Amino acid sequence: MKVMMNTGRTIPQGESVERKHSPEYESAASVCFIHPVDMMVLGIEDGAHIQLSGSDGIVVLTAAASETVEQGSVFVPLGPFSNHIVSGETHCTGMPDFKSTMVEIIPTEDPVPSVAELMESLGGVRYAH
Amino acid sequence: MLIKDVVCPFCGCLCDDLDVEVENGRIIRVDNACTLGSKTMVGDDRLKAPIRRDGKGWIETTYDAAIEEAAQILLEADRPLLYGWSSTHGEAQSIGVHLAELIGGVVDNTSTVCHGPSILAIQEVGHPGCTLGQVKNRADLIIYWGCNPIDAHPRHMSRYTTYATGFFVKDAHRDRRVIVVDTRRNESADVATEFVQVEPGGDYAVLSALRAIVRGRGDVVPPSVSGVSREQLVRIAEMCKNAKFGAIFFGLGLTMTAGKNKNVRNAIELTDELNRHTKFIISPMRGHWNVYGTNEVFTWITGYPYAVDFSRGIAFYNPGETTAVDILRRGECDACLVVASDPAAHFPKPCVEHLARIPVVQIDPHPNATTHVCQLQIPGSVAGIDAAGTAYRMDGVPIRMKAIIETGVPNDTEILQRLYNRVREAKGE
Amino acid sequence: MTELLIRNACVFDPLNDIRGDVMDIAISDGRIVESVKNNAEVIDAQGFLTLPGGIDSHSHVCGTKVNFGRYMSPEDMRAGRTARRGKMHVTSGYYVPTTYGNSYRYSTMGYTTVLEGAMAPLEARHTHEEFNATPHQDMLANTLFDGNWSIMEAVHAQDVKRAAAIVAWTLSAVRGFAIKLTNPGGTEAWGWGEDLTGIRDPVPNFNVTPAEIITTMISANELLHLPHSVHLHCNNLGKPGNYATTLETFGLVPDLNKNRQTLYATHVQFHAYGGSTWRDICSKADEITKSVNAKPQIVMDMGQIMFGRTMTMTADGPMEFNLYCLHHNKWSNHDVELETGSGIIPVLYSKKSLVNCVMWAIGLELALLTKNPYQCLLATDNPNGAPFVKYPEIIGLLMSKRYRDEECSTLNNGFEQRTSICSLDREMDWNEIAIITRAGQARALGIAAQGKGHLAPGAEADLAIYPIRCHDVDPATEYRNVVEGFQKTRFTIKRGRVVARDGDVIVEGANATFWVNPTVPDEHNVANDPDFVKKFEEYYTVRMSNYPVQDVYLPRGRCIKTEADL
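Residue numbers (the numbering used here), protein chains in the order written: chain A, 1 to 129; chain B, 1001 to 1429; chain C, 2001 to 2566.
Hints are computed from structural coordinates only; laboratory data are not their basis. As the structure is a computational prediction, the values presented were derived from the model and not from experiment. We treat Cβ as the ideally placed atom computed from N, Cα and C, and that holds for glycine. Since no wrong hints were added, every one of them can be taken at face value.
Here are some, though not all, of the chain A residues that point toward chain B, as calculated from beta-carbon distances under 8 Å:
1. E70
2. L78
3. G79
4. P80
5. S87
6. M95
7. F98
8. G124
9. Y127
10. H129
Let the sequences and hints guide you as you build the complete structure.
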């Protein structure tokens, strides 16, 4: 299913933003809000894992039903999960398309990565606090 | 011990009315803050010492050794990027700019992925604004456009707008009307008088339609613009013209969607137009508690509010070229100093991949996403908690952050000053 | 003890009545002294014109609206840029330079003290931060009270002592230097998008008139014994016919102080228009100067415009909006709760514009028609009329009729009927120039007592040595040399240290900020008044305890204490 990914702040993401390795942050930043009807079409329940692929990458998130999201679009809190698939193109404005990335969604059994794992996959070296 | 009137170091509201209970050098209770502020004040998840990468692992090191290593990294770089700045106080920001000036690097701040487009718009058409108290005391019409204050600036409505009483607005509930404009019915829409739902990417057209109606040219507006009916547009325009004092607050819904700075420009021009009929202001909802401070500091030193490149010797500004995301995406910088921000979490993947390839030094008290892609992290104290310094609220009002506990941890100003001095010394100055 | 001896200086020191004597000046530990020991460093001034350091009594260089002007104008930032060099940081900007840009350029021109034209108390911290980044001039801040709610309440209650108490608390809290009124009452009306049309117009919701605000504040100022007088930007700035408002305002001013003026009227050029529309606008400099010549209690500054691009920025919000409606340029506005307003918009003063030519003439007329040079000081309301780097050209114009005639011949035909500039023969001399660029300011600001603006023993050793041999140069004909000479000092000395030589600033600065602390009896301290505190906490969006500017922002503060007569 092709949808438009919107990203932004949420309270749970903001509350834990200074503790990015906490379970609170990792679940807050890796949730993907989808309209219930779209979830039905995908054949998934609340809490299911889904794989989002954008032009620049692939990431596994946890689905959460929300009627505040329009059908045909999803909302993911801003952070390392959503940014894993946002393009670096800024159209000469300096600002990436954080709120208008087209993504393909499919259900998946894969686990949702941790923040450290995401960074490792990009060439980082994990720091265990 | 109770400390009153503490200033919160989280969002651009810069609430300065927190009451904090401190005991044995620890914060044990925070009153008046929203949940974001409370969690920040009592959070205690900091690095105890500088850490450096050692092969495939990490070891602790000393401040002296860390600063020396950081200095060497910057001295060896041909094109260093100094990024972040928004979550530290102005005194540190000032040194950061001078450091970039000294080494001929690029210095950029988090506006670049937040309200940078708003700055670009202001540079085209200006900014008709005011301090938040003007809104609190006078505004009978508030418009939140492309932002969600309930989630991102939780006390904005109670301190400055919807629920705040003011000198000329004694009964907020009766005397104020709130319009929320967004692509989805967010939490802020639930408390609005009217909600306007715009198709994604449709804000520019809606703003143009409103401008046409305000100018008396509603005849050119089609029956529906980006999902908004002409009838609703006419009603909104009337509300605006009939207001005694209208205030538009806007956020990333305008800066990050298609059109970006042109969306914001259109909103500013609508505000200009409305000023011919009544009093209207527009102001951006700045995210970090001191991002506006970085713009102020950068500007009075260099002339430009972000994305400043010193490689030519002069201060050079060209967003799209000298902005951090573009420099990282192009793989152009060969070293990076990250201060008080977390680009590995908030920049697109290609940028983070490049950070992982080059030497990166981070000055930040918390382990974050950037920690895993840096070589060296130096923890400083936190402004508003154990460091004092200057911050600028989203409307430009400067407030001094207090140090309410003593931890003995050096603050960002000290760390950066030592780094600056070391680099100068090494350059023979 | 650092000692310096300047030899062969051709000194003009009007406050000590020295007019062109070639003499030595001895400096020790930052002050002028009678003599120094033999091992003092010697500078040979080679007979060059030597004046006390320049003092700008009205310039917009530091603070919220100035910084607004900078960051909304990247095109201007590209215009004036210089690279880091020696002790000098990067600079950017031509009409709104960065703080270091301002400081170096003022220093190059021999200026060592600057009064920031407008500081909103709520945002004072910002002004002080920028003061610290303007390191080669001692700074002072005009503090805005024109739309101040508690002041207007005191005015309404006809309670001068209350007004004085509020001023005292505010000035000491925000480390201000003087009372500034910009379009008094009008900035509050602008909070609703309105303006006032005259000094008897009541301010909506507060029911006081500008006349009442002005007279109350003048009385309050004198009760507090402040070094400077009330500093006023009159109502109706920029409107054809506004000279009547200005004269009416001048008529309000009593003579309350024997040491200095009772009112400083700023940038009066913008307030000296006759006619009633842009079509028939003309100069009323003659009427204005007639009034001032008869009133020793009034001092004004020119507010000279010079042709070219510049930026207008003032607390006069409604006026700036009118300019936006006229020119459709990018416009910024920033009203400050409970206090004042501001607006910013770029302008172009063009020789082709009849109106602009009349404006240009008026500024010069004001200076030339005012008999006593202490009563009309040189200023451009930087940058509103022109960037301050144009001061040398203004000096040239005031000293040379020929230069004025040459300029006039390049202007729009027809402007000559609107002004008398072409018929004015007066040519100022070196002494008068020294008065209108430093001695007059020192006296008007009340800082001669602080050792500013003169060179008698005890004074601060702030000096400017200009490469002009004033006994050999005829300024009436050699005006180009005069202009060039004033653009770049041979030496600028601040507190006994050479800070600039031939256009280069050679040391890092350590300026001082002068501020006033009027002490009032406890029963008049508004911080102890529950009503004042309650209103403060209710209507401001900053807590009262967080409002004052902390010590740390004035690393070298110079506090002038006064005793209030309450």
